[in-house]
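Q: Listed below are the residues making up each chain.
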Amino acid sequence: MLKHIGFMVGMLVIALLMFYFAVSFESQYLESLVTTGPDITLDAWRELFSYWAAIGIIIAITAALFWFVLGQWVFTMNRWTSASNKRTVWLILGAAALAAALPGILLMPTVQEGGRLAWPFYLINNLVVFYVSTLLLSPSSFKYIPRGASLVRQWW
Amino acid sequence: MPPPPEATSKFSPLPDTLKVDLYFDATLSMQGFTQTQTSSTYQQAIPLLERAVIEGWRGGEASFFKFGNDTAPLTGRAFLDAAKPQFYSDAKYNKKTFIERVIDRSQPDHLTVIITDLFQDNADVNQLSAKLKDKFIATGLAVGVLGIRSQYQGTVYDVGSDNYSFGYKSSDKPQTGRPFYLLAFGSHANIAHYFETLERSGMSSFPERHALIFSRFITAHRTPFAAAKLKTATGISEINSTNLVAPGKRQEEIKAFRIIKGKREAIFITDWPYEPLANVLDHSPILEPEVTCWKGEEAGTRELSPVESPAGKAALHVDASLLQNEGSFNRLQFQARLNVNELPAAGTYGYRIVLRPPNPILPAWVKDWNMRDGDIKAWHLKSSEFNGARTYNLENFLGTLSGAVSSTSRPEAGELFVYMKVDR
Numbered sequence: 001m002l003k004h005i006g007f008m009v010g011m012l013v014i015a016l017l018m019f020y021f022a023v024s025f026e027s028q029y030l031e032s033l034v035t036t037g038p039d040i041t042l043d044a045w046r047e048l049f050s051y052w053a054a055i056g057i058i059i060a061i062t063a064a065l066f067w068f069v070l071g072q073w074v075f076t077m078n079r080w081t082s083a084s085n086k087r088t089v090w091l092i093l094g095a096a097a098l099a100a101a102l103p104g105i106l107l108m109p110t111v112q113e114g115g116r117l118a119w120p121f122y123l124i125n126n127l128v129v130f131y132v133s134t135l136l137l138s139p140s141s142f143k144y145i146p147r148g149a150s151l152v153r154q155w156w
Numbered sequence: 157m158p159p160p161p162e163a164t165s166k167f168s169p170l171p172d173t174l175k176v177d178l179y180f181d182a183t184l185s186m187q188g189f190t191q192t193q194t195s196s197t198y199q200q201a202i203p204l205l206e207r208a209v210i211e212g213w214r215g216g217e218a219s220f221f222k223f224g225n226d227t228a229p230l231t232g233r234a235f236l237d238a239a240k241p242q243f244y245s246d247a248k249y250n251k252k253t254f255i256e257r258v259i260d261r262s263q264p265d266h267l268t269v270i271i272t273d274l275f276q277d278n279a280d281v282n283q284l285s286a287k288l289k290d291k292f293i294a295t296g297l298a299v300g301v302l303g304i305r306s307q308y309q310g311t312v313y314d315v316g317s318d319n320y321s322f323g324y325k326s327s328d329k330p331q332t333g334r335p336f337y338l339l340a341f342g343s344h345a346n347i348a349h350y351f352e353t354l355e356r357s358g359m360s361s362f363p364e365r366h367a368l369i370f371s372r373f374i375t376a377h378r379t380p381f382a383a384a385k386l387k388t389a390t391g392i393s394e395i396n397s398t399n400l401v402a403p404g405k406r407q408e409e410i411k412a413f414r415i416i417k418g419k420r421e422a423i424f425i426t427d428w429p430y431e432p433l434a435n436v437l438d439h440s441p442i443l444e445p446e447v448t449c450w451k452g453e454e455a456g457t458r459e460l461s462p463v464e465s466p467a468g469k470a471a472l473h474v475d476a477s478l479l480q481n482e483g484s485f486n487r488l489q490f491q492a493r494l495n496v497n498e499l500p501a502a503g504t505y506g507y508r509i510v511l512r513p514p515n516p517i518l519p520a521w522v523k524d525w526n527m528r529d530g531d532i533k534a535w536h537l538k539s540s541e542f543n544g545a546r547t548y549n550l551e552n553f554l555g556t557l558s559g560a561v562s563s564t565s566r567p568e569a570g571e572l573f574v575y576m577k578v579d580r
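Chains as they are written, first to last, in our numbering: chain A, 1 to 156; chain B, 157 to 580.
Bound conformation, chain A alone (with noise of 0.2 angstroms):
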């Protein structure tokens, strides 16, 4: 059991980790790229670029952690060539984790200049969060479900 927490535990911490050394990153970089024009201030338009990026990474972290659950707790495994017909539902909750991005390009103040280079930080940045969380830490019956898990998950 403690085994499952600190699996759930890692997938907090990298959703944390990106939120802030990533998004902190591209928020500093899009300040060089960024013409607000008159209706909003480039710090007000930066925070609310901030926000919708971390309400992404939350429903992308979610996405990986009910994936945990569903791996962990629901999904009987029976033949292990079964496994491979979850991968659909593991890709399900990866799209899932990418129009996690929507809110944010949608509801952005529109700027002068510059303001759709958010966009791909979104896109990458749930993308990120969701992959790498389950590439590292999916349940142990269904680990090699994420594509490129057979390379890295051999040891635990």
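If you are wondering where the hints come from, they were derived from the structure by calculation, not from laboratory data.
Since the structure is predicted, the reported quantities are computational estimates derived from the model, not experimental observations.
For each residue, glycine too, the CB sits at the ideal point set by N, CA and C.
Among these hints, one or two may not hold up.
[Unchecked claim] Distance windows between CB atoms, simulated:
{"hint": "1", "chain 1": "B", "residue 1": "A402", "chain 2": "A", "residue 2": "W119", "range": "33 to 39 angstroms"}
{"hint": "2", "chain 1": "A", "residue 1": "T88", "chain 2": "B", "residue 2": "R458", "range": "53 to 59 angstroms"}
{"hint": "3", "chain 1": "B", "residue 1": "A402", "chain 2": "A", "residue 2": "I105", "range": "36 to 42 angstroms"}
{"hint": "4", "chain 1": "A", "residue 1": "G148", "chain 2": "B", "residue 2": "G456", "range": "48 to 54 angstroms"}
Given the structure of chain A, go ahead and fit chain B onto it with the hints provided.
A: Just chain B now, kept in the frame of chain A:
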């Protein structure tokens, strides 16, 4: 960058207590205000002068004097005698109006009020204006003039350069009343408050009256620049001023901006509420900007050190004007255009912009109430046509005072600070 320095001149708030020294002109020309068949506006005004001091300041204290050739205190209720003709019969006081002596005696921390018909020859006007400029205007204090037309029946002495005398009797029409004036010297706030309190105390019922205050202040409020919303902005992003400027006491007068790489020009337009002070000199709505620019240079400390930058100054073009609503200015519109290519280098630039109206204009009533030399010569030939509803040298006197304000401490409609971080 360090915060802007403290403002050198602030509109002083109204004190709780005030000593007001009131001087009655006791010369013979004033007697006519007290010889009318019914109570004249002048006579009605006398008790109001004290009442306004008591009602205007919790600790207001009024002292009365009479002056002419000499000056003497009026103790107790003796000032009420100024409503009687005998008050003006004392030969020790009733020959010559030496206002300049009152100015010499006046104390800058008091409010000094002179009640006079303001008949001054050219030499008097020059001497008077010079004294007022040195003692009040140049030291940040103000001179107020409240002109009131009153019923009159008597002789007006020392009219014009040849010191003619004319008999004059006003009719029932208020505009034929002879003007008397309250000349007030002290802080702008005290003068304005005294005039307002006089209005509330009963002067609002006097039909012909005008007030004018000469001072460096035309607005009492600091520029609410930080809170002003941008109407348009091209090639520029507003940022919190704390990104570029250390916190200080003038935060509300600062806006900060960021201009990213590749921009040739950045423009923004904004406006904010403007509250003019009452009874100040008229002026055109176009404001003249005075710009100073500093570039932030590395000084080995956390804070950039400001170094004056003439090239930075040349790169910024400012237009400012006051917008009118129902006859009075109620908003200040400001446009700044930065030619980024004219800046010497990338970095942080700080601009101090002082917005001043061009030369002030005397209100129209001054011309209407002014007595010209040409008219006096004509009246000398036909004294029945003498118009005592005018004051000799009024336009000259007030014009000189206006000039004194412009030459010593030009009024400001606003002072603001713009900081820009420019990438290139």
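Q: The hint says 33 to 39 angstroms between B:A402 and A:W119; measuring C-beta to C-beta, is that right?
A: Holds: the Cβ-Cβ distance is about 36 angstroms, inside 33 to 39 angstroms.
Q: Does the Cβ-Cβ separation between B:A402 and A:I105 fall within 36 to 42 angstroms?
A: 37 angstroms Cβ-Cβ, so the 36 to 42 angstroms window holds.
Q: Given a hint of 48 to 54 angstroms, does the C-beta separation of A:G148 and B:G456 actually sit inside it?
A: holds, 50 angstroms
Q: Lying within 53 to 59 angstroms: is that true of the beta-carbon distance A:T88 to B:R458?
A: holds, 56 angstroms
When the structure is compared with the earlier hints, no violation turns up for any of them.
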